[in-house]
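Number 205 in our numbering belongs to position 205 of the sequence shown; there are no gaps in the numbering.
Be a bit skeptical, because a hint or two may be false.
Quick list of the computed label-pair ranges, beta carbon to beta carbon [unchecked claim]: (1) 127 / 3: 33 to 39 Å; (2) 116 / 222: 22 to 28 Å; (3) 153 / 2: 27 to 33 Å; (4) 267 / 229: 22 to 28 Å; (5) 134 / 174: 30 to 36 Å; (6) 23 / 124: 34 to 40 Å; (7) 174 / 222: 41 to 47 Å; (8) 87 / 55: 35 to 41 Å; (9) 175 / 235: 44 to 50 Å; (10) 90 / 154: 24 to 30 Å.
Note that these hints are calculated values from the structure, not bench results. Backbone N, C-alpha and C define an ideal beta-carbon position, used for all residues, glycine too.
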Amino acid sequence: MFISFSKYQGSGNDFVIIDDRATVFPCEKDEFIRKICHRRFGIGADGLLLLQTSACAGFKVRIFNSDGKEVSMCGNGLRCFVHYLNSLGFKEESYRIETMHDIIDCQIKGDKILVRLQKPYVMNWGVNLDVDDSVFEAYVVHTGVPHAVIFVDDLEQVNVEESGRRVRNHPLFAPEGVNVNFAKRGADGAFRVRTYERGVEGETYACGTGAAAVALAACQLWDVTSPVRIVPLSKESLEVRVEQAVSGGKLLDLIGGATAVFEGKFCLEQFL
């Protein structure tokens with residue numbers, strides 16, 4: 001049995017997207033998804049997105065990291081998913097998409113896509129984390145998934161793989177762990193960010209919910225004016241608008257591009 005897929009990237013975060021409205025994809029098999037996302041023996045991706053039908057929104061997306069585990073939200077993935085929906089011929093100006101986290105509103109803004117991240121909240125503020133010989137001050141916020149934001153003086157000197165892994169697995173965040181974002185504010189006002197992603201278990205070129213977490217923490221800490229420009233490792237900038245919600249709390253709009261990379265088919269049995 002052959003399954004069609006599309007490969008997308010948003011700010012360097014890449015995804016395999018599959019139309020699973022017939023719900024035939026064996027998504028309960030972690031190893032199967034890991035094989036598809038493997039960059040040597042599979043298609044290669046940071047994650048996999050499944051299009052399914054929804055009883056409460058226009059569409060449903062199921063999101064899996066490259067370790068095969070399902071996650072509640074992915075900002076860059078949602079932008080790619082909206083682009084994919086347009087490629088299928090829906091051509092809407094706005095979409096309501098069901099995720100494990102919430103129903104997410106998305107809008108087409110010219111060549112950009114806006115994803116509204118619902119109900120962000122602070123989990124832990126200004127907590128000191130002892131990691132080997134270093135102490136990191138972390139601002140932990142939830143933007144659909146949990147993120148630790150750590151502001152540093154020299155981003156280039158951070159060992160993202162090593163320090164990120166240790167913070168991700170810190171006992172404070174057990175058992176699920178946390179995504180880790182190291183950030184530095186530049187002279188131009190933009191924040192350079194490097195992210196260690198839980199579920200990918202390594203540094204990624206970008207992370208949308210991580211960008212939103214950095215913007216939220218920066219606006220809470222300093223007199224930072226919205227929109228906040230985030231420059232990830234890929235150098236493909238993201239914009240985050242931080243607004244006050246009518247019901248209290250904050251609203252975060254993540255804005256950036258998405259690109260179709262290629263399409264193809266794979267033999268299901270070869271990955272099972």
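Status of each hint after checking the structure:
| no. | hint | result |
| --- | --- | --- |
| 1 | 127 / 3: 33 to 39 Å | 44 Å, violated |
| 2 | 116 / 222: 22 to 28 Å | 24 Å, holds |
| 3 | 153 / 2: 27 to 33 Å | 52 Å, violated |
| 4 | 267 / 229: 22 to 28 Å | 43 Å, violated |
| 5 | 134 / 174: 30 to 36 Å | 20 Å, violated |
| 6 | 23 / 124: 34 to 40 Å | 38 Å, holds |
| 7 | 174 / 222: 41 to 47 Å | 30 Å, violated |
| 8 | 87 / 55: 35 to 41 Å | 24 Å, violated |
| 9 | 175 / 235: 44 to 50 Å | 35 Å, violated |
| 10 | 90 / 154: 24 to 30 Å | 45 Å, violated |
Hint violations for this structure: numbers 1, 3, 4, 5, 7, 8, 9 and 10, all remaining hints satisfied.
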